[in-house]
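J.: First to last, the protein sequences are chains A and B.
The first sequence lines up with residues 108 to 264 when you count with the working numbering.
The second sequence lines up with residues 795 to 927 when you count with the working numbering.
What the hints contain is simulated information worked out from the structure, not anything from laboratory work.
Every residue gets a Cβ at the ideal spot worked out from N, C-alpha and C, and that includes glycine.
Careful, some of the hints might be misleading.
Calculated from the model, a selection of chain B residues having no Cβ within reach of chain A, i.e. all distances over 10 Å [stated by the list, open to error]:
#, residue
1, Asp863
2, Lys865
3, Pro923
EDC-like cross-link-like pairs, simulated, lysine to aspartate or glutamate; straight-line CA separation at most 16 Å [stated by the list, open to error]:
#, chain 1, residue 1, chain 2, residue 2
4, A, Lys250, A, Glu232
5, B, Lys913, A, Glu208
6, A, Lys255, A, Asp167
7, A, Lys182, B, Asp904
8, B, Lys910, B, Glu873
9, A, Lys256, B, Asp904
10, A, Lys247, B, Glu873
11, A, Lys240, B, Glu847
12, A, Lys240, B, Glu873
13, A, Lys200, B, Glu873
14, A, Lys182, A, Glu201
15, B, Lys806, A, Glu214
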Amino acid sequence: MRSLIPWRWKEGRSVPENALTEFRKEVDDLFNQFFGNAGWLPGTSFSRGFTPAFDVSETDEEILIKAELPGVDPKDIEVDLSGTTLTVKGEKKEEQEEKTENVHRIERSFGCFSRSVTLPCEVKEDQVEANFKNGVLNLKLPKAESGKKRSIKIDVK
Amino acid sequence: MANQEIQVVDKKELSPESAEITRNGVYFTPAVDIFENSNELTVVVDMPGINSEDVEVDLRENILTIIGDTKAEEFQGQELLTEYRTGGYYRTFRVNNLIDHAKIAASMSDGVLTLKLPKSEKAVPRKIPVACD
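Make a model of the complete structure from these sequences and hints.
T.: Now the structure itself:
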């Protein structure tokens with residue numbers, strides 16, 4: 108209820124400013140509510156896309172990326188590397204034709220996905236290995252010489 | 795609106811209230827699609843990272859149990875981004891239809907398990923023609 112009383116001059120703090128920021132937030136929220144999850148906006152995926160989960164790890168020699176892509180045909184996966192930006196994109200096609208079937212449950216996601224990761228260092232582009240097994244994409248990116256960690260020992264005198 | 799967070803496909807860990815598992819390790823609830831037509835029930839389960847040999851499907855007293863096991867890989871190195879954990883999958887369903895146990899077919903491809911549960915003769919709806927004189 109207190110928030111309904113706009114400000115109290117008596118306290119002499121910067122209350123009007125707070126009220127203004129609050130108002131701004133309210134307007135932002137309103138916009139977000141309206142446009143935020145809108146699948147119908149052009150350019151946004153029609154709620155049929157999904158973002159696969161990634162695991163990225165590194166050893167001294169290479170960067171390893173794993174992505175969970177259950178049900179995606181390996182032929183539909185595209186891996187692009189430009190500089191240190193790696194993009195994995197593809198499409199998961201719906202195999203079930205819903206003809207006269209009764210649908211009891213739909214939890215799996217379908218559609219296009221695209222995800223980019225910035226790699227922590229340069230990699231040897233021609234030696235990238237990718238394999239897909241049991242719905243998990245495994246990428247092995249050997250680090251370029253410039254990206255390897257070098258340890259320099261300094262003698263303390 | 796500008797900085798909307800992308801929603802990564804999230805794996806739900808099996809809650810102890812729904813089922814307790816007597817094995818070690820982490821188990822997740824896989825995402826499932828279920829379709830039904832007049833002849834069969836189709837169950838499609840997302841189980842990324844599971845070998846087809848490690849899947850157990852069991853139908854007993856109308857309870858369908860799906861278990862996928864995996865061995866955690868040993869990894870040495872530094873983790874930069876972890877969005878999913880590796881673990882097994884476990885889910886049970888109560889199947890109401892009369893299922894022909896002998897004809898259940900299961901197939902696994904690209905981390906997706908597809909189960910076809912044909913209905914038994916008794917459960918298939920039958921049209922009875924009415925003859926009129």
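J.: Hint numbers the structure violates, sorted upward?
T.: 8, 9, 12, 13
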